[in-house]
Amino acid sequence: MGLYLRLAWRNYWRQRRRTVIVVVAIGLTMALMMFYDGFVGGFDQAIYGNAVKVLGGNIQVHANGYGAKADQTPLLPLGDDQAIVQAALAQPQVVAALRRINTGGMVSSREGAFPVSIVGVEPEGEIPVSLVAQNVVEGRYLAANDLDVVFIGRGLAEALDVAVGERITLAGRATHSQMRRRTMTVVGIYDVGMREIEKRTVYISLGEAQDLYGLGGESTEVALSLKQIGQESAVMRALKLSLPGYEIDSWETNFPELQQALATKGGVMNIFSVIMLLIVGIGILDLLLMAVYERTREIGILGALGLKPHQISLLFILEGALMGLVGVAVGVGLGLLINSFLGRVGMDYSKFANLTEYTALLGGRVYPTLGLEKLPQRALTVVIIAILASFYPARQAAQREPAEALHYV
Amino acid sequence: MMQLYKMAWRNLGRNRRRSFLSALALGMGLALLLLMAAVVAGEMRDAMESSIRLQSGHLQVRAKSYDEGKTSLAWEDLIENPAAVAAQIATLPAVRVATPRLFANGIVAAGDESVGVRIIGIDPPSEANAPFREGLVNGEFLSADDRGGILMGQTLANKLSLKAGDTINLLVNTSNGDVDEQPFVIRGIYSTHTPGYDQSTVLMPLAKAQAITQAENHASTVFVLLRDREQTDAIVAALQTSSYQINTWVQMNELLVETEQLSNAYMWLLYLIVLAITATVIVNALIMAVFERTREIGILLAMGMRGSRIMAMFFAESSLLAVGGIAMGLVLGGLLVTYATKYGFYIGSYGMTGILIGERIYAYLTLSDTITLTITALVITLVAALYPAMLAARMEPVEALHGGKGA
Numbered sequence: 243m244g245l246y247l248r249l250a251w252r253n254y255w256r257q258r259r260r261t262v263i264v265v266v267a268i269g270l271t272m273a274l275m276m277f278y279d280g281f282v283g284g285f286d287q288a289i290y291g292n293a294v295k296v297l298g299g300n301i302q303v304h305a306n307g308y309g310a311k312a313d314q315t316p317l318l319p320l321g322d323d324q325a326i327v328q329a330a331l332a333q334p335q336v337v338a339a340l341r342r343i344n345t346g347g348m349v350s351s352r353e354g355a356f357p358v359s360i361v362g363v364e365p366e367g368e369i370p371v372s373l374v375a376q377n378v379v380e381g382r383y384l385a386a387n388d389l390d391v392v393f394i395g396r397g398l399a400e401a402l403d404v405a406v407g408e409r410i411t412l413a414g415r416a417t418h419s420q421m422r423r424r425t426m427t428v429v430g431i432y433d434v435g436m437r438e439i440e441k442r443t444v445y446i447s448l449g450e451a452q453d454l455y456g457l458g459g460e461s462t463e464v465a466l467s468l469k470q471i472g473q474e475s476a477v478m479r480a481l482k483l484s485l486p487g488y489e490i491d492s493w494e495t496n497f498p499e500l501q502q503a504l505a506t507k508g509g510v511m512n513i514f515s516v517i518m519l520l521i522v523g524i525g526i527l528d529l530l531l532m533a534v535y536e537r538t539r540e541i542g543i544l545g546a547l548g549l550k551p552h553q554i555s556l557l558f559i560l561e562g563a564l565m566g567l568v569g570v571a572v573g574v575g576l577g578l579l580i581n582s583f584l585g586r587v588g589m590d591y592s593k594f595a596n597l598t599e600y601t602a603l604l605g606g607r608v609y610p611t612l613g614l615e616k617l618p619q620r621a622l623t624v625v626i627i628a629i630l631a632s633f634y635p636a637r638q639a640a641q642r643e644p645a646e647a648l649h650y651v
Numbered sequence: 243m244m245q246l247y248k249m250a251w252r253n254l255g256r257n258r259r260r261s262f263l264s265a266l267a268l269g270m271g272l273a274l275l276l277l278m279a280a281v282v283a284g285e286m287r288d289a290m291e292s293s294i295r296l297q298s299g300h301l302q303v304r305a306k307s308y309d310e311g312k313t314s315l316a317w318e319d320l321i322e323n324p325a326a327v328a329a330q331i332a333t334l335p336a337v338r339v340a341t342p343r344l345f346a347n348g349i350v351a352a353g354d355e356s357v358g359v360r361i362i363g364i365d366p367p368s369e370a371n372a373p374f375r376e377g378l379v380n381g382e383f384l385s386a387d388d389r390g391g392i393l394m395g396q397t398l399a400n401k402l403s404l405k406a407g408d409t410i411n412l413l414v415n416t417s418n419g420d421v422d423e424q425p426f427v428i429r430g431i432y433s434t435h436t437p438g439y440d441q442s443t444v445l446m447p448l449a450k451a452q453a454i455t456q457a458e459n460h461a462s463t464v465f466v467l468l469r470d471r472e473q474t475d476a477i478v479a480a481l482q483t484s485s486y487q488i489n490t491w492v493q494m495n496e497l498l499v500e501t502e503q504l505s506n507a508y509m510w511l512l513y514l515i516v517l518a519i520t521a522t523v524i525v526n527a528l529i530m531a532v533f534e535r536t537r538e539i540g541i542l543l544a545m546g547m548r549g550s551r552i553m554a555m556f557f558a559e560s561s562l563l564a565v566g567g568i569a570m571g572l573v574l575g576g577l578l579v580t581y582a583t584k585y586g587f588y589i590g591s592y593g594m595t596g597i598l599i600g601e602r603i604y605a606y607l608t609l610s611d612t613i614t615l616t617i618t619a620l621v622i623t624l625v626a627a628l629y630p631a632m633l634a635a636r637m638e639p640v641e642a643l644h645g646g647k648g649a
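As you go down the protein sequences, you meet chains A and B in turn.
Start counting the first sequence at 243; every next residue gets the next number (this note's numbering).
Start counting the second sequence at 243; every next residue gets the next number (this note's numbering).
Everything labelled a hint here was simulated from the structure, so no lab data went into it.
A portion of the hints provided could be inaccurate.
Using C-beta positions, here's what the derived DEER-type ranges look like [as the list claims (entries may be wrong)]:
id : chain 1 : residue 1 : chain 2 : residue 2 : range
1  : B       : 258       : A       : 507       : 46 to 54 Å
2  : A       : 650       : B       : 259       : 13 to 21 Å
3  : A       : 551       : B       : 259       : 18 to 26 Å
Heads up, simulated BS3-like pairs for lysine-lysine below, C-alpha to C-alpha not over 25 Å straight-line [said to hold, decoys possible]:
id : chain 1 : residue 1 : chain 2 : residue 2
4  : A       : 507       : B       : 584
5  : A       : 507       : A       : 482
6  : A       : 616       : A       : 507
7  : B       : 405       : A       : 593
8  : A       : 311       : B       : 401
9  : A       : 311       : B       : 405
10 : A       : 507       : A       : 593
Positions of the beta carbon are idealized from the N, C-alpha and C atoms, including for glycine.
Sequences are here, hints too, so could you generate the full structure?
Dropping the structure here:
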């Protein structure tokens, strides 16, 4: 095998000019795919990273049945939430496990009305881990036994035209379809630099939420903060064992519509890249066919020396595969160059912030990643298509009669 | 000239397989681009049409101080006596329909679940409500004097497992900044095939909406559809008054227009990359042809043919390849686009409410896209042929006659 590889590698460089052109074509295709992956990766990172930072918690524990109805933020009490907190804190990576009540509602003032998600929190526990609690610009954060007060974002304060100390109407729902509304005083305003998200989330104390929604002593969510992003899956696996009967999710699973959008676009990109690679494949096929004709005598000699037809085929297939591999290498280099540049500059997406719940989390600019997420899969596709394209020329080469090929002019 | 093409044609015929494959590569590239251009154009066109039909109309007349982002219901932000205003606008000949609408925000609660919604008070008999009347999938449409009924989008109804005849609680913001709550019966369920809209919109008769929000004889907007949207500017001029703000469909869909521009810029980048990749295939095929024919080129040169003429010969070859490839691309692309125009692609819900993307995308190939892409493909192929043609033209006759320095 080593010998064939060496032969194929030498053959590979015999027609430098043509080879370089094919390699450029493969490289461009590969770089285009990496650009796309990097863009999606950056999108993902911005959304999930900001979700963890701003909305809080790398992992959420909910009661069974929550996920299917997540859009409607159902008030499903967790039962024994203290046990969940204990189990979570037993994991070494978990720095905080906080009980919350999370539901949808609406705030209104004379200026207008906005749908919001209302989060009941344990204030003293949130302060060390919550970006929102650490970015109070007016007034103060919530305190444990605050009643009748609400903590809102600057985006919402501006839209409702309210200041600290003024009152707004908050409507949410109790457990049994009746709605609850209450006029509350704005106790503080936070600013995390993302107006759309600030518009969509308000905080009250857990005690207040339990009272408002008739959930005496209970909560609907336990949010876990980890030491680092990236440890989610290990902790989730461990928790699933110690906490059967609960739904344990990270933010990755919490935006089904984003998942759908990314899956559709990813599917389109996959088809697109395969078609591009087929075009490139035609180039490889052309080139190898030409090489077979050029090397007719050589093939005759190899045959006369005793190489079996399938061994001659192997030479050409290896040459095709090498084209794929070198093309991948060139493409990865080009892709890294593009993505690291864009990763520094970022792309402006602020106009699209209010399009959906998840784009609100973009925070204006998207910084593409290096696009290495799907590299093995992309590279494999390239090499497979390169190999497929070399089958036909390889067969042509193998079918030569040694004696005739030797006399070919 | 004719002779040049005849030679080029024969030369291409000498290696039919390679010529065919090179043209096929170009054809595949062009077909792919035509399909993509058509899908993007179709998506944008549908989004604009949905928006005009469901959300923005061609024109909206609102009170000066009305802020769309806030859904204010304070009287000073609303249009007083909207039916009269609408009737007056409707007398203009270019106006197809003008109808008052009232917007409020609210929450639908059913059982243990609740969802934030936009509530629109509509004048039920108005022709502008055709998308909802025709899109009814269950139950019946609203009547103007209905005081306890709503229409709900199918996506939302499915999420909450509701059907026509069920009762829900609706919480609505009111003129004085408070909220009010009342039970309503779902009279009917509509589908506009636009999940972003259907999951977030509840309709009720204007009179009831005015009553529950305490807006009394006010509306947020007068929604206007024209007979022809080209007449927008003329109507705006005719309606210009100091007491209202007039918003055109272009202004109200600014985000969509910007999205379209942005995606067009991305698409051009993509077109150039794809065509560059196809061009490499053609360049390679021509380079091979040049080196195969080294001796031949030597003979031609020795007989006194000029370098420029040899270049022209290879250009003729590549333009024939380009024409063949483009023809294949148009046929192949035409087939793909026809399929995608007829059946579309199912994409489901992206959860978008700002831009109304339907659950299916139908392709729409414009003539200008076809022409631009065809010309771009031709130009790029010819530019790519420059290199092999130059290689051929620059050969030294004596060396070439002896087989040259090799490829």
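Each hint tested on the structure:
{"no.": "1", "hint": "258/B x 507/A: 46 to 54 Å", "result": "40 Å, violated"}
{"no.": "2", "hint": "650/A x 259/B: 13 to 21 Å", "result": "18 Å, holds"}
{"no.": "3", "hint": "551/A x 259/B: 18 to 26 Å", "result": "21 Å, holds"}
{"no.": "4", "hint": "507/A x 584/B", "result": "21 Å, holds"}
{"no.": "5", "hint": "507/A x 482/A", "result": "31 Å, violated"}
{"no.": "6", "hint": "616/A x 507/A", "result": "15 Å, holds"}
{"no.": "7", "hint": "405/B x 593/A", "result": "37 Å, violated"}
{"no.": "8", "hint": "311/A x 401/B", "result": "8 Å, holds"}
{"no.": "9", "hint": "311/A x 405/B", "result": "17 Å, holds"}
{"no.": "10", "hint": "507/A x 593/A", "result": "20 Å, holds"}
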